[in-house]
Structure formats: C-alpha cells, structure tokens
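*Asks:* Model the full structure from these sequences, guided by the hints.
The listed protein sequences derive, respectively, from chains F and Y. Residue numbering for the first sequence follows this note's numbering, starting at 1 and increasing by one per position. Residue numbering for the second sequence follows this note's numbering, starting at 1 and increasing by one per position.
Any given hint could turn out to be false.
[Said to hold, decoys possible] Using 35 Å as the maximum straight-line C-alpha spacing, the simulated DSBU-like pairs for lysine-lysine come out as follows:
1) F:Lys98 / Y:Lys74
2) F:Lys110 / Y:Lys70
3) Y:Lys8 / Y:Lys102
These are computed hints drawn from the structure, not numbers from a lab.
Okay, here's what each chain looks like letter by letter:
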Amino acid sequence: MIKLLKIEFKKILTYKIFWTLTGLYFVFLSLGLLMAEFMINNIVDNMNKHLPIPIPHVTIYFFPWVWQNIAFFATIRYVLIFPAIVIIILITNEFTFKTIRQNVINGMSKAEIISSKLLLIMLISLIMTVLLTIGTFIIGVAHTSDLTFSMVAEKSAFIIGFFITMLTFQVFALFFGFILRNTGLSIALFTLYVFIVEPILYHFLKSPIVFKNNISPYLPVNSVLSVTEYPSIQVLKNIMGLNLQDSISVSACLIPLGYAALMIGIVYCVLVKKDL
Amino acid sequence: METVLSIKNISKRYGKIQAVNGLSLDVKKGQVFGILGPNGSGKTTTLSVILDLIRANSGSFQWFGHDPDKESRKRIGSVIESPNFFPYLSPVINLKIVADIKDLGYEDIDRVLMLTGLFERRNTRFKTFSFGMKQRLAVASALLGNPDVLILDEPTNGLDPQGIAHIRELILQIAGEGTTIIIASHLLDEIQKICSHVAVLNKGKKLFDGKVSEVLAISDSFELSATNIELLISTIKFHPAYLSLTPGAESIQVFFKDTVHPEELNRFFYQNGVILTHLSERKRSLEQHFLELLDNNK
Chain F
1 MIKLLKIEFK KILTYKIFWT LTGLYFVFLS LGLLMAEFMI NNIVDNMNKH
51 LPIPIPHVTI YFFPWVWQNI AFFATIRYVL IFPAIVIIIL ITNEFTFKTI
101 RQNVINGMSK AEIISSKLLL IMLISLIMTV LLTIGTFIIG VAHTSDLTFS
151 MVAEKSAFII GFFITMLTFQ VFALFFGFIL RNTGLSIALF TLYVFIVEPI
201 LYHFLKSPIV FKNNISPYLP VNSVLSVTEY PSIQVLKNIM GLNLQDSISV
251 SACLIPLGYA ALMIGIVYCV LVKKDL
Chain Y
1 METVLSIKNI SKRYGKIQAV NGLSLDVKKG QVFGILGPNG SGKTTTLSVI
51 LDLIRANSGS FQWFGHDPDK ESRKRIGSVI ESPNFFPYLS PVINLKIVAD
101 IKDLGYEDID RVLMLTGLFE RRNTRFKTFS FGMKQRLAVA SALLGNPDVL
151 ILDEPTNGLD PQGIAHIREL ILQIAGEGTT IIIASHLLDE IQKICSHVAV
201 LNKGKKLFDG KVSEVLAISD SFELSATNIE LLISTIKFHP AYLSLTPGAE
251 SIQVFFKDTV HPEELNRFFY QNGVILTHLS ERKRSLEQHF LELLDNNK
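*Replies:* Here it is in structure tokens:
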C-alpha cells in the first residue's frame with residue numbers, strides 16, 4: 001500500500017496541472033464562501049423592502065452551523081468538478097503516455113493499478129478534509145462569540161459528510177477515466193453528465209407520470225450531492241418554515257458509497273478483460 | 001538446459017486479422033533468441049501476450065517453468081514498441097517509478113543511465129529528449145536491476161548508426177554475462193549479428209526455428225564483372241556451390257547454395273584464368289530471403 005502511494009506521489013509531486021487544478025478548487029471555494037453571505041443578505045435586503053418587520057442580516061459562519069454551511073459550499077458541483085478533473089487527467093494520462101502498459105510489463109497487477117488510484121483518491125480526500133477542518137475551525141472561531149466545546153463539536157459530523165462526498169465524486173471521475181481512457185472525451189462526458197444529463201434526468205424522473213415512486217434522488221451524482229444537501233440558515237428556516245437537513249444521515253452516505261463500490265467493480269472487470 | 005519461456009499454441013485474432021496463429025516456442029536460459037519477421041507478422045502481438053498486455057484467444061505460456069504472474073514479470077526487463085514514460089518527469093524519477101514497481105532499490109539507476117549514455121541528462125524532463133534518447137532510456141529501464149530475461153522489440157528502431165552500434169554492443173555485452181535475451185526485429189542483419197537462435201514468423205505462423213547459423217545459412221548473392229563476360233559465365237557454372245545467375249549489361253548477379261566467402265570466390269576465378277574487374281557481395285532484403293525460405297520449405 002505504501003509502495004503504491006509512493007509511486008503515485010512521484011507522479012504528482014512536480015505535475016503542474018495537478019497543483020493548479022487543486023489550487024483552483026480552493027480559490028473558487030474561498031470566492032464562493034466570501035460571496036455566499038453577501039448574496040444571501042442581498043436577498044434578505046430585497047425581501048425587507050416588502051416586509052413590515054425587517055429580517056435581520058444573516059451570518060452563516062458561526063458554530064455549530066459553520067460545519068454544515070462550509071461542508072455544503074465545498075461540495076457543490078461547481079467546485080467539486082476541479083478535483084474530479086484532476087483524477088480524470090491522472091488516470092487517462094496513464095493511457096495517453098502508455099505508462100499503464102509499462103507498469104504491467106514491469107510487474108504491476110491490474111488490481112494494483114486500480115488500488116493505487118483509489119489510494120490516491122483517499123489520500124487527496126483526506127488531505128482536503130483536514131485542510132477544510134482547519135479552515136472551518138478558524139472561520140468558526142472568528143465568527144462565534146461565547147464559544148463552548150459542545151458548540152464546536154455539535155455539527156462536526158458534516159466534516160465526515162464532506163469526506164464521503166469528495167471520495168465518492170472522485171470515484172465517479174475514476175470510473176469515467178478508466179472506461180473511456182481518453183482525457184478530452186472523459187472530461188467532456190463527465191462534465192456533460194454532471195451538469196446537464198443528470199439534472200435533466202432528475203426532473204424527468206421526478207414527474208409522477210414516469211414512475212409512481214420518485215427515484216430521482218437515487219441518481220448517482222444527486223445521491224453524492226445529497227450527503228451535504230443544504231446549508232443551514234437558521235433565520236430563513238424559522239421565517240420561511242423550510243424543513244431543511246439538520247444532520248448527516250447514514251443512509252444518505254451509503255447510497256453514493258454503494259455506487260462507488262459498483263463502479264470500482266465494473267472498472268476492475270473491464271480492465272482485466274480488455275487488452276491494454 | 002533450463003527453459004525460461006515456453007509458449008504453447010498461442011493464437012490471437014483482431015477481428016478478421018489473425019495476428020498470431022498457433023505459435024509455439026521454447027527459449028532456454030542463456031540464449032539470445034531472435035524473433036524475425038516482416039511488419040505485421042505477429043512479433044509485437046506475441047511479446048504483448050507473454051507480458052500480459054493482451055489476452056490470447058487460445059494457448060498458454062509459462063515463465064521460468066510456472067504460470068505467469070506479476071512476480072515473474074518483475075524478473076523481466078522489456079522494451080516494447082515506443083518508450084513509455086511520463087513526459088513531465090526526469091529520467092531519474094521515471095526510473096525510480098520502475099524501480100518501485102519491481103521492488104528494487106534506487107542504487108542501480110546511475111549505472112543504467114551511464115550504460116546508455118544518458119547520465120548527463122538525468123535531470124532533464126523526458127519530453128525534451130530526442131527519439132534516440134527516449135529509446136535509450138527504454139533500454140536503460142529494461143536493464144534496471146539486472147533482470148534474468150531481457151525482451152527487446154525493435155531495439156534499434158529510429159536510432160542513428162552510432163546509436164545502433166552502441167545498443168548492439170550493449171546487447172552483446174549483456175548476453176555475454178549470461179542473461180537470456182529475446183529480440184524481435186524485421187532486420188535480418190540485426191538478428192544475424194546479435195542472436196544465437198531464431199524463430200522466423202510470417203502472418204502469425206512460425207516458419208522455422210533453430211540456431212541462427214543453421215536457419216539463416218544461405219549465402220547472399222554476388223555481383224561480378226570481368227573483361228570477358230562470356231568466360232566468366234561459363235566458368236562460374238563449375239563452382240561447386242553455384243545455384244543460378246541473372247545476367248546484366250555490365251555485370252552478372254550470381255546466387256549460391258551455400259555460404260561463399262568473397263576471397264574464396266576470387267581465388268576460384270583466378271585459378272580458372274578469369275580476372276575479375278568487379279566483385280561485390282549483395283545483401284538480400286528480408287522479403288527475398290523469406291521467399292527463398294518459403295520455397296525451400298515447400
């Protein structure tokens with residue numbers, strides 16, 4: 001295991017595209033976080049024009065809600081796409097450069113080839129989770145008065161939700177990379193599926209005419225994004241009476257994990273059967 | 001002698017094309033085994049099968065006396081088709097990845113880079129290399145950790161004459177140390193210069209195999225000229241190894257049944273009172289040689 005990670009680490013250490021795209025994820029996330037509060041308060045201001053008693057301005061970065069809110073913004077599809085593209089590039093590179101052939105020739109099994117990429121995904125997700133935890137903690141401390149330990153601990157399970165979302169979304173990307181083997185095609189089709197195909201499918205399947213039971217929440221990308229489905233904005237919740245997500249549910253985590261396991265299985269079968 | 005590689009009745013089909021057709025081979029320890037054949041004869045497909053890159057439709061093979069697995073591949077150094085490395089990484093990092101996979105230390109890297117003349121460029125990125133340098137890095141990677149078997153697919157392809165000479169010298173040196181070597185090539189000349197044993201493939205089928213000296217022991221032709229061409233023609237027909245001749249305007253081309261040395265030929269004419277004005281040995285193309293091999297086997 002350490003050996004496989006050592007090999008993967010050599011491939012990314014001086015790879016500019018890896019660091020650029022990973023950096024872009026954090027840049028866009030930071031911009032999103034900076035704008036989120038501003039935009040929500042913009043809506044509040046607009047609403048206040050028509051209300052007799054104005055709603056107070058919203059803050060979303062205080063404990064314990066900061067865990068849920070940052071985990072939500074860090075897993076919207078517009079930012080998640082960056083680490084996914086990184087994984088697609090790292091996998092399809094092996095086919096473009098034919099290094100996957102060379103690795104097999106040199107004595108790697110096909111199971112080891114998939115494991116090495118999975119281990120890399122786990123490591124990337126773990127490091128991102130650690131960074132996000134530190135960042136969220138600092139933001140939370142700066143925005144919370146009368147800080148207590150229980151306030152910090154309360155919603156911290158959302159960090160696990162972030163990790164699972166990050167992990168499974170990258171496994172989806174791995175699936176596209178290993179099946180299509182071509183960098184441009186994989187990125188194009190993955191992006192198309194995430195932003196266009198599945199949202200259309202989601203609305204189509206939601207209609208009761210198609211299926212009696214609504215199966216659209218079980219679509220792969222939707223199931224991943226549902227782990228941290230909504231931000232928690234208490235004021236809006238109370239006033240508008242929305243019944244939004246309050247905690248991470250185990251079943252919501254199991255669906256994307258199940259998809260990930262299935263995709264890894266398919267990738268393994270295809271890789272073993274198909275010539276390199 | 002210990003059998004290093006044993007191929008039994010391997011076939012591989014790509015759609016309508018039968019790339020390899022019931023091929024069986026045995027390579028023994030210490031042999032320098034050539035696989036000779038024109039482009040598309042199934043050489044690379046065969047090598048890809050025995051390295052687990054592609055699955056044969058039927059047949060089996062064994063490395064070192066047992067069924068192949070990743071551990072047996074770690075004992076083999078290979079250069080297949082194009083050199084495959086990460087373009088944005090230096091040769092040293094690329095070789096470290098190879099060493100990691102093969103469970104080797106890094107201490108052998110400098111040696112193979114020096115052997116292939118790439119030590120000076122060890123820290124420049126692979127994509128800045130010329131094709132010849134890339135090919136040499138592939139050879140360096142195959143040599144890493146002194147493998148028991150070396151597999152080389154067209155090892156001198158795309159190299160300049162100096163590079164070709166260098167790689168051939170290297171192969172002979174490694175063969176001299178007792179390493180088993182398997183070389184695929186379409187160059188008859190290359191196989192003759194390097195190999196001890198050869199298998200000749202055409203359209204995925206094995207035509208012959210055996211010692212190079214036996215399989216390829218048909219002499220090349222000679223171009224001859226003399227002031228008196230008539231006498232030259234009538235004299236040559238008495239040569240014990242004479243096979244046939246093609247007359248030309250200024251000279252004649254003569255084919256022999258066995259290997260004939262130019263010196264011996266010259267002496268033969270001199271002793272028979274013919275003074276040659278021109279004598280040159282003609283290498284035949286592989287295609288010609290094939291046709292001959294095929295004809296002889298009918």
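*Asks:* Confirm or reject each hint.
*Replies:* Hints, one by one, checked against the model:
A C-alpha spacing of about 18 Å is found between F:Lys98 and Y:Lys74, which places the hinted pair at or below 35 Å, so the restraint holds. With a C-alpha separation of about 9 Å, the suggested pair F:Lys110 and Y:Lys70 falls inside the 35 Å cut-off, and the hint holds. About 27 Å separates the Cα atoms of Y:Lys8 and Y:Lys102, which keeps this hinted pair within 35 Å; it holds.
Of the numbered hints listed earlier, not one is contradicted by the structure.
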